[in-house]
Amino acid sequence: MEFLNSIFVKPFADMVGAPDFLLQVLWEGLVAGVLYALIALGFVLIYKSSRIFNFAQGIMVVFAALTLVGFHEKGVPALLAVPLTLLVMFILAVAIERAVLRPLVNQPDLILFMATIGITLFLIGFGEIIFGGENKVMITEQLYIPTGSFEFEPFGGFVSIEQKDLTAVIGAVLLVVGLLVFLNRSKMGRAIRALGDDHQAALSVGISLSTIWVLVWFIAGVIALATGIVWGARAGVSFALEVIAFKALPVLMLGGLESVLGAIVGGLAIGVLEKLFEIYWGQPLLGGNTETWFAFVLALVVLLFRPQGLFGEKIIERV
Amino acid sequence: MNSRPENLVVAAPDDGIPAGELLMDVRNVSLSFGGVKAITDISFNVRKGEIRAIIGPNGAGKTSMLNVINGFYTPQQGTIVFRGQERRSMKPHHAVRQGIARTFQNVALFKGMSTLDNIMAGRSVLMKRNLFWQMFWHGPALREEIEHREKVEEIIDFLEIEHIRRTPVGKLPYGLQKRVELGRALAMEPSLLLLDEPMAGMNLEEKEDMSRFIIDVNRQRGTTIALIEHDMGVVMDLSDRVVVLDYGKKIADDIPDVVKSDKHVIDAYLGVAH
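Order-wise, the sequence lines are chains A and B.
Okay, so the first sequence: first residue is 1 according to the UniProt record's numbering, each after it adds one.
Okay, so the second sequence: first residue is 1 according to the UniProt record's numbering, each after it adds one.
By construction, these hints were calculated from the structure, which means they are not laboratory data.
Errors might be hidden in some of the hints.
Restricting the straight-line Cα-Cα distance to at most 20 Å, the calculated cross-link-like pairs of lysine to any residue (SDA-like) are [unchecked claim]: (1) B/Lys171 x A/Glu258; (2) B/Lys91 x A/Met188; (3) B/Lys111 x A/Ala99; (4) B/Lys111 x A/Tyr47; (5) B/Lys171 x A/Asp198; (6) B/Lys91 x A/Asp198; (7) B/Lys91 x A/Gln308; (8) B/Lys171 x A/Phe71; (9) B/Lys91 x A/Glu258; (10) B/Lys91 x A/Ile212; (11) B/Lys91 x A/Glu97; (12) B/Lys37 x B/Lys111; (13) B/Lys91 x A/Thr211.
My request is simple: use the sequences and hints to build the entire structure.
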């Protein structure tokens with residue numbers, strides 16, 4: 001009885017009892033969710049256009065962040081370092097297309113997936129040679145990202161919202177809106193969707209495989225940089241950041257690999273739910289640290305009932 | 001027959017080649033995969049405005065030939081002269097820009113997209129406005145999109161597929177998918193239209209419809225067509241000239257009546273005692 005009470009009654013009583021604290025938890029979850037969504041978005045874009053599950057998205061986040069900080073360490077002004085980093089990400093996209101994707105065109109998905117693991121390992125080694133292995137600090141202030149915090153007192157309580165988190169959320173929203181408009185409204189966007197559907201058909205209507213692939217990997221690089229800046233501002237820049245890519249996996253399972261909307265909703269849902277679970281169930285009942293596994297268990301449950309994810313495209317197959 | 005536009009605005013582009021003149025000349029093309037020879041020293045030409053058939057038993061190299069023409073394969077030997085330009089290899093998107101459109105044996109459509117979007121995709125090469133305007137769905141890009149939409153609607157009317165305009169093509173029956181695929185190729189306003197077995201897997205009625213569309217495209221728009229087909233009745237009725245391949249070699253090349261009675265062709269199709 002005591003046990004059931006602590007699962008089904010007490011957490012909700014706590015939530016109602018301290019609504020300000022609940023708000024704080026929700027906000028923290030939302031911010032984490034935005035970041036998960038951003039990473040998942042990088043995966044979705046590349047998967048949509050080339051059916052490649054890009055294992056390297058996580059390391060691209062680290063690589064972009066390190067490059068940005070690296071340029072700044074070399075004395076490049078922060079606001080100039082951003083376009084320079086974008087240039088590096090573009091060169092990386094071209095290099096990946098030339099050296100990896102083009103020779104492997106038409107190979108089975110598994111081989112391309114392995115190739116992205118290769119890219120990951122290469123970028124880890126290459127990054128360490130150039131930038132060294134030690135942790136760096138994101139150049140938050142130099143990029144004019146505000147670092148103070150807003151404080152509210154709703155319900156007679158206390159909620160604190162860090163300005164850099166707020167900036168991150170606003171920035172992510174702008175990025176996503178821009179991306180959606182581009183994908184749905186432009187000829188290039190249509191080409192990206194077409195390519196994901198059928199390579200042969202896309203080629204036959206005059207879509208250039210290499211142009212689109214470079215474009216898509218570059219967009220993934222831009223997303224990686226945005227993620228890197230935001231996450232780096234919260235947790236510092238190091239190769240350990242790469243593991244956040246794994247957090248994108250349950251998001252993708254939840255949202256479906258092909259849905260931009262799914263990535264966003266999935267990311268936010270996992271961010272918020274894992275935070276709620278950690279605070280109200282995990283810490284009192286399970287000794288905490290549930291955030292490392294909660295998302296995966298949730299994804300597993302979703303997969304049991306909807307194998308294509310919550311927003312995945314219906315699998316249409318004629319027999 | 002219901003009302004179809006008689007004078008189609010979407011015509012084959014004026015490529016400056018008068019009807020009956022050489023549009024494409026395939027010269028001594030050979031293609032092999034490792035040790036397997038798919039095509040051996042094949043030459044033939046296509047004249048502006050004609051319907052040209054490529055026939056032959058299974059594995060004769062017909063589809064390989066089409067793949068060479070639209071740039072999917074690069075031949076080891078030989079060249080192709082198209083609209084006066086000579087080339088050996090070419091990326092598929094360059095071939096499209098030169099005015100070559102095609103359909104596939106096993107229907108290659110964007111299955112998750114609607115009929116309308118599929119055909120619209122065929123016009124992407126013809127769209128000129130830059131990314132900036134496209135992003136904002138505004139100004140010249142919007143005007144352009146509307147223009148292209150009109151042309152696409154015309155094609156939809158022509159192929160009598162109005163009722164499936166918004167349906168994801170993956171849900172359509174095979175015969176209709178083939179028709180949508182033809183629509184997408186037409187939307188590209190090609191100088192040369194390559195059709196890889198346009199009637200494979202169709203019933204008699206669907207075949208008759210498809211034949212009618214092919215003839216109309218050829219007559220009304222003046223589009224030059226090269227097609228591969230297994231149904232001999234259809235081939236002999238539709239085409240102006242026929243080239244016959246067997247084991248990657250050309251064994252006949254003439255008007256249908258002559259090809260029909262050619263000894264080599266009969267042997268290739270019926271088998272011959274050695």
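Hints and how they fare:
no.	hint	in the structure
1	B/Lys171 x A/Glu258	19 Å, holds
2	B/Lys91 x A/Met188	19 Å, holds
3	B/Lys111 x A/Ala99	30 Å, violated
4	B/Lys111 x A/Tyr47	16 Å, holds
5	B/Lys171 x A/Asp198	15 Å, holds
6	B/Lys91 x A/Asp198	17 Å, holds
7	B/Lys91 x A/Gln308	35 Å, violated
8	B/Lys171 x A/Phe71	52 Å, violated
9	B/Lys91 x A/Glu258	28 Å, violated
10	B/Lys91 x A/Ile212	14 Å, holds
11	B/Lys91 x A/Glu97	16 Å, holds
12	B/Lys37 x B/Lys111	33 Å, violated
13	B/Lys91 x A/Thr211	12 Å, holds
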